[in-house]
Amino acid sequence: MSRSPLPPVPVARQDIDVDVDVLFGTLPSRRLDASLDAATGLHEKHRIRRGLVCSLRAALFDARAGNDELRKAGDRKRFVPVGAVDVRDALAAETEIPRLAASGVRLLRLFPPEQWVEPDSAGLSHIVDVAVAHGLVLLTSGDFSRFWRPFAGRGARVCFLDVHAYRVADFVVLARREPGFVASTRLLCGPDSIERIAGEVGAHHLAYGSRAPLHDVLPSALRLRTAGLDDEAWGQVAGGTAAAWLADGA
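The sequence shown begins at 485 in our numbering and counts up by one.
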């Protein structure tokens, strides 16, 4: 039996403005080119203009060295540096977050699952408070059903990078009372996941993410381009939400 053809992608939706989930560096567990050149190639292939990029060195080995490495690398017009801290060491983060903010970095990425940190960690909660006090927007990995708690009730602007289609209802009920909560679209692969969030709480609670170059960009980009959103909402998800973060920090 032949498959139905995919719906055509509107011309206005060819270019995605901002990818909020880009990583750069070396991943010892995988033989993978995670260089900025690789990310650039994927973005050019899939017509993505800019990326918010974080250093894998900062995430996995040495936060300060990785943050400095990233700030010296890449095309600033294409890649916006995102800082990182070791969530296991809240005392070091107390120093690193102000240093990042003073250098002009406006976004901080957290890696609780990768760093074996539980949602009820006192250090994680403290780091969120310090980041919020310095006006930073947070990006975090982790199962949304477990990791929403340390960000709630703190006035945090946070993008949850791993919100799955199965967690759409959970995200919506929390976003109703947390204006700063945003879901990346990377795992919102259900037939109405993106549309449901946009319809319930607004497209400003969504931002496009791919996790390039660690993950295939095509599924997330195609899902967004064929989403049942009007042009204004689509533009918000494809770059407006992230652009507002950067404008607020300018």
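Source of the hints: derived by calculation from the structure; they are not laboratory data. Here the structure is a predicted model, which is why all the values come from computation and not from measurement. Using N, Cα and C, we set each Cβ at its ideal position, and we do this for glycine too. Careful: at least some of the hints might be erroneous.
Just the calculated beta-carbon pair ranges, DEER-fashion [unchecked claim]: (1) L575 with D676: 43 to 51 Å; (2) A649 with E598: 32 to 40 Å; (3) V657 with R514: 18 to 26 Å; (4) H688 with A636: 36 to 44 Å; (5) F545 with G712: 38 to 46 Å.
Item checked: Index of numbered hints that the structure contradicts, given in increasing order -> Failing hints, ascending: 2, 3 and 4.
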